[in-house]
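**Q** Spelled out, the chains give:
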Amino acid sequence: MKRPGSIALALALAGMLSGCSLVYTEVGVPVPSSEGLVVGRTTKVEVLESLGPPRLVRRQFDGVLYTWRRTKSRRRSLTLLPIYVRAFHYSDGQSDRDDLSLLFDREGILRGVGRRLETEEGS
Amino acid sequence: MTRAGLLALLLAALLASGCAEAIFSIVSFRSHEAYSDASLMRFRELMGAGVAVTKSDVLATLGPPIEVIGQDEGEVFVYRRLARDTNVINLNPAMISFVTAPPLPIYYGSDSSGRDDTLMVFFDREGRLRNAGERLGIGETDRSRAAYLGEGVQGLIK
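One line per chain: the protein sequences are A and B, in this order.
Just so it is clear: in the first sequence, position 50 is 50 by the numbering used here, and no numbers are missing.
Just so it is clear: in the second sequence, position 23 is 23 by the numbering used here, and no numbers are missing.
Check the hints yourself; a few may be wrong.
[To be verified] Cβ pair distances, simulated, as ranges: (1) P4(A) with I89(B): 38 to 46 Å; (2) G139(B) with R106(A): 18 to 26 Å; (3) E120(A) with A52(B): 35 to 43 Å; (4) D116(B) with V27(A): 15 to 23 Å; (5) E46(A) with E45(B): 27 to 35 Å; (6) Y24(A) with G50(B): 43 to 51 Å; (7) R135(B) with L56(A): 48 to 56 Å; (8) E140(B) with R55(A): 29 to 37 Å; (9) S33(A) with R135(B): 29 to 37 Å; (10) G114(B) with G28(A): 19 to 27 Å; (11) G139(B) with V45(A): 26 to 34 Å.
[To be verified] Which residues of chain A face chain B? A few of them, derived with a C-beta cut under 10 Å, are: (12) E49; (13) S50; (14) H89; (15) G93; (16) S95; (17) D96.
Hints listed in this document are in silico derivations from the structure and should not be mistaken for laboratory results.
Just so it is clear, CB atoms sit at the ideal spot from N, CA and C, and this is done for glycine as well.
Here chain B stands alone, though its shape is the one from the complex (with noise of 0.2 Å):
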């Protein structure tokens, strides 16, 4: 192996020590800021009413929005929900208090997934609503083996 072989192995090796301190770590991540389902539910009914709709029943019936964006034809409400899970395998000997060794680990595998549930609603500049938009991801957590293994433990410790 060549030195900068080495020296990038050594680097990788720090690195992955560094992201996960444990042999097993999972760590998840929650935020339900943005609408509840019964709040997006009332607001699909208000679109499909087919009356003009204003910026005034939007923020009464979604709440707040988590971010305002501005553009040329008007704002845009943004309203978010997180959900972020790692699961972390790291069999790295220098993990062991009384084994003095470098950190070059033996296995190291990250299985990360991000997914959030969006909702986007587009006004004119009269504050009128124009369409909307919405991503719903949150809830396909058969697709991530992260979430999946998180909320598993979960529902063990709980």
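Chain A extracted, bound-state conformation (with noise of 0.2 Å):
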């Protein structure tokens, strides 16, 4: 039977051969729901009681662009023999995405909806 002291030490040293990191990013708040929005009939003046101020507000020959958008980005790592000389490292990253776009003619009556909700929590 191994004893206590052994295990410790083999501990120690699988910790001292590897390294792992995991960074997670978020960047605003979830996307609102589109759901009573009338294209045709619904003002942009409801929408901003509804939902709140856009993240982008870009404007169109033939109206303006509001986009509510929140971003989540994922880094992970991998590093062997950490401490005396790095032999390996291996990094992966991921940036997911939620938008919502609502389109208004020149009136401020909405034309459009476009909407991509790459996050887990988002789809």
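Please assemble the complex out of the two chains, which come individually in their own frames, going by the hints.
**A** Here's what the structure looks like:
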């Protein structure tokens, strides 16, 4: 039977041989639902009252495009032998985004809805 | 070797050791923002239907654009997915913590690949679709050693 001291030593050595890191970044709040919005009827004022201010406002020739957005990114890495000499380092990252865009005409009437949900919570 | 040459070599070595701190590094990044293959297929069908397509139709089919560019003749909706891969081999005695050595690499090799899928949709001033152009580059991993290695290691880790 192995002694507890040797197990602790083995664990300490294993810890020295590899290192992992996980970094998550989230920007923005969950995008609102487009339920209740009626193309051709809902106005810009009504949208602002119910959904709150958008993160982006983009002027168009035929009106304006409002966008609500949340971005989530993740980076994870694995390093072997992180103390004496870093023999191998692997890192991968991914960025996902939830977007809701509403297109209004010059009179402020809703003309189009675009929605994309990529984050796990969003989809 | 001249003093200027030695200085340039030292500078290159410093830059090289700063770029990759491990002997072998693989760094990958993917952004899935933009559009899905399914929505791109629906958009192609919409364009091929022979009917007038409006900005609202494009928003409903492809979703919100990642970028909007204003031009004199109308807006351009940009949809884009990104893939970046870098592999670095850096043999450098300075990376060994108990060896005091100048950061002179014995060997330094870097292989980087940046690819993207980009779809641009052009509208006139009234918001009607005029044209669209696409370039699909992410799938071209066979042309990139960096991407090929990165995906292999990612598969092993999974």
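**Q** Against each hint, give a clear statement of whether it holds in the structure.
**A** So, going through the hints one by one against the coordinates:
1. Against the hinted window of 38 to 46 Å, the Cβ-Cβ separation of P4(A) and I89(B) comes to about 41 Å, which satisfies the hint.
2. At roughly 41 Å, the beta carbons of G139(B) and R106(A) sit outside the given window of 18 to 26 Å.
3. Our hint of 35 to 43 Å for E120(A) and A52(B) holds, since their Cβ atoms are close to 37 Å apart.
4. Between D116(B) and V27(A), the C-beta spacing of about 21 Å keeps the proposed range 15 to 23 Å intact.
5. Taking 27 to 35 Å as the suggested C-beta distance range, the pair E46(A) and E45(B) conforms, at roughly 33 Å.
6. Distance hint for Y24(A) and G50(B): a CB-CB separation of about 46 Å, consistent with the stated range 43 to 51 Å.
7. For the pair R135(B) and L56(A), the beta carbons lie near 25 Å from each other, so the given range of 48 to 56 Å is not met.
8. Roughly 33 Å separates the CB atoms of E140(B) and R55(A), a value that falls within the hinted 29 to 37 Å.
9. Separation of S33(A) from R135(B) is about 34 Å and conforms to the stated range, judged on CB atoms against 29 to 37 Å.
10. One distance hint, 19 to 27 Å for the beta-carbon pair G114(B) and G28(A), holds here, with the actual separation near 26 Å.
11. In this structure the hint that G139(B) and V45(A) lie 26 to 34 Å apart at CB is violated, the actual value being about 45 Å.
12. Hint status for E49(A): violated, given a least beta-carbon distance of 21 Å to chain B, over 10 Å.
13. Interface hint status for S50(A): violated, as the beta-carbon distance to the closest one in chain B is roughly 18 Å, over 10 Å.
14. Here the hint on H89(A) is kept, as its CB sits about 4 Å from the closest CB of chain B, short of 10 Å.
15. The interface hint given for G93(A) holds, since its Cβ lies 4 Å from the closest Cβ of chain B, which is under the 10 Å cut-off.
16. Interface hint at S95(A): satisfied, since its Cβ lies 4 Å from the closest Cβ of chain B, which is below the 10 Å cut-off.
17. The beta carbon of D96(A) is positioned within 10 Å of a beta carbon in chain B (closest approach about 5 Å), and the interface hint is therefore held.
The structure does not agree with the numbered hints 2, 7, 11, 12 and 13 stated previously, though it agrees with the rest.
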